[in-house]
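With the hints as your guide, set chain B onto chain A.
Quick mapping for you: the protein sequence lines, in order, are chains A and B.
Residue numbering for the first sequence follows the numbering used here, starting at 254 and increasing by one per position.
Residue numbering for the second sequence follows the numbering used here, starting at 254 and increasing by one per position.
Since the hints were made in silico from the structure, they are not lab data.
Do not take every clue at face value.
Remember, identical chains collapse to one label, so a pair may be satisfied in a single copy or spanning two.
Once the Cα atoms are required to be at most 30 Å apart in a straight line, the calculated BS3-like pairs of lysine-lysine come out as [what the hints assert, rightly or not]:
#1 Lys406 with Lys417
#2 Lys337 with Lys372
#3 Lys480 with Lys270
#4 Lys483 with Lys393
#5 Lys412 with Lys255
#6 Lys278 with Lys393
#7 Lys288 with Lys352
#8 Lys406 with Lys327
#9 Lys468 with Lys255
#10 Lys393 with Lys426
#11 Lys352 with Lys289
#12 Lys312 with Lys372
#13 Lys417 with Lys332
#14 Lys480 with Lys406
Protein chains: 2
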Amino acid sequence: MKLYEGKAKILETTDNKDVLIQLFKDDLTAFNAEKKDNREGKGALNNQTSSILFEYLQKEGIKTHFIKVIDNTKMMVQKVSIFKIEVVLRNVAAGSIVKRIGIQNGTTINPAILEFYYKDDALGDPLINQDHIRFLNLAKSEELEEISVIALKVNDLLKSFFIKRDLILVDLKLEFGRNTRGEILLADEISADTCRLWDAKTRESLDKDIFREDKGDVLTGYREVLKRLKTKR
Amino acid sequence: MKLYEGKAKILETTDNKDVLIQLFKDDLTAFNAEKKDNREGKGALNNQTSSILFEYLQKEGIKTHFIKVIDNTKMMVQKVSIFKIEVVLRNVAAGSIVKRIGIQNGTTINPAILEFYYKDDALGDPLINQDHIRFLNLAKSEELEEISVIALKVNDLLKSFFIKRDLILVDLKLEFGRNTRGEILLADEISADTCRLWDAKTRESLDKDIFREDKGDVLTGYREVLKRLKTKR
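Same shape as in the complex, but just chain A (with noise of 0.2 Å):
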């Protein structure tokens, strides 16, 4: 049974309560669903890319939300409740930031900046800090300190493991959630829709900017990626 759909995610229920079926859609969408398009095979493109990443990370002691793949399209998950906050974080000046604060698309930021936004599509998904966040009880300041905490862990595993296999993880949006048991998971999903790629010496994107700026076929790029995860395994 359908639990919710999201604008690149369906969530269903299964006969276990504490178990959820994620699937990716083909839909693509950007600059808040103002931009939006269907690719066929981008949600299998972007469940193999996640779940590839989600293995690896718990293998480093990461505990994320990710049980198994299903099938092309699905994985298994822990059910969370989600934290109405995304986690971003930056290693490179790409997108929003270099607006805000003046600088040039590509510098790189290191130690990388940490930014939460709150997760509400009719506002925009805003930058907010620890304050609104409490304000808004969005999380327990505990909560927001231990998802910190990890989303940097997240940060430097990923950047490591992406710069192997010749990508620069530019930036990446996490999510998190609290299962049933009470513990902190990293949720949602990780790929080419959520962080950005570029190609260590072109410095090309591979991730859906190529959407966003039509800078061409953004499949192609999605599946340079997932094609250089599966290469060095």
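This is chain B only, laid out in the frame that chain A set:
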């Protein structure tokens, strides 16, 4: 000699290299100077209001750049190097936060929300967080910590000060600087230009929102604020 001219004030040098004259102009600007006016007497009102508030804060142990009143529109201040950060404290929802996080104008915020904005007109003074401040080198993390502690204390002091005069301190913007001896001082001004102040009974604006939102004669509001500060010292 004129050292610096901003939208609302001029800083002039004196014989003492550590001391400046701060002159309050009659110019009124809002929305990053997109809306402008000039009202004779505005500078004098802000100079007097700021002087009273700086004196009060100093008596309560807050280090400020204020030395003494010189005349109607001028005060003597310590020379500081200003941190390019606007520190905003919010006790009641009004202005930009209403749209940002989708709360109703007039909602009580307690404990106060503290926000940092990048003092950069060209960028429209964007909201930033600690990581942006570190990356942009606007303040060291221990300086930011000290600034935050002082800002919260200033907010508490002013909130009780104003309420005794039937004024609600809705929000306020503070700026800090470092003097030649290395001390962090509260600087700039504190007035109806930089605070939102509502009549405690009618909840009418007595601050720059009168000008921003064309709610009547802005100087009437500023004069009322000053009157209440002078009546009860």
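Results of checking the hints against the structure:
{"no.": "1", "hint": "Lys406 with Lys417", "in the structure": "within (17 Å within a copy, 49 Å between copies)"}
{"no.": "2", "hint": "Lys337 with Lys372", "in the structure": "both (5 Å within a copy, 29 Å between copies)"}
{"no.": "3", "hint": "Lys480 with Lys270", "in the structure": "neither (35 Å within a copy, 65 Å between copies)"}
{"no.": "4", "hint": "Lys483 with Lys393", "in the structure": "neither (38 Å within a copy, 43 Å between copies)"}
{"no.": "5", "hint": "Lys412 with Lys255", "in the structure": "neither (34 Å within a copy, 50 Å between copies)"}
{"no.": "6", "hint": "Lys278 with Lys393", "in the structure": "neither (32 Å within a copy, 45 Å between copies)"}
{"no.": "7", "hint": "Lys288 with Lys352", "in the structure": "both (20 Å within a copy, 23 Å between copies)"}
{"no.": "8", "hint": "Lys406 with Lys327", "in the structure": "within (26 Å within a copy, 53 Å between copies)"}
{"no.": "9", "hint": "Lys468 with Lys255", "in the structure": "neither (34 Å within a copy, 51 Å between copies)"}
{"no.": "10", "hint": "Lys393 with Lys426", "in the structure": "both (20 Å within a copy, 26 Å between copies)"}
{"no.": "11", "hint": "Lys352 with Lys289", "in the structure": "both (23 Å within a copy, 25 Å between copies)"}
{"no.": "12", "hint": "Lys312 with Lys372", "in the structure": "within (28 Å within a copy, 44 Å between copies)"}
{"no.": "13", "hint": "Lys417 with Lys332", "in the structure": "neither (32 Å within a copy, 52 Å between copies)"}
{"no.": "14", "hint": "Lys480 with Lys406", "in the structure": "within (25 Å within a copy, 56 Å between copies)"}
The structure shown violates the earlier hints numbered 3, 4, 5, 6, 9, 13.
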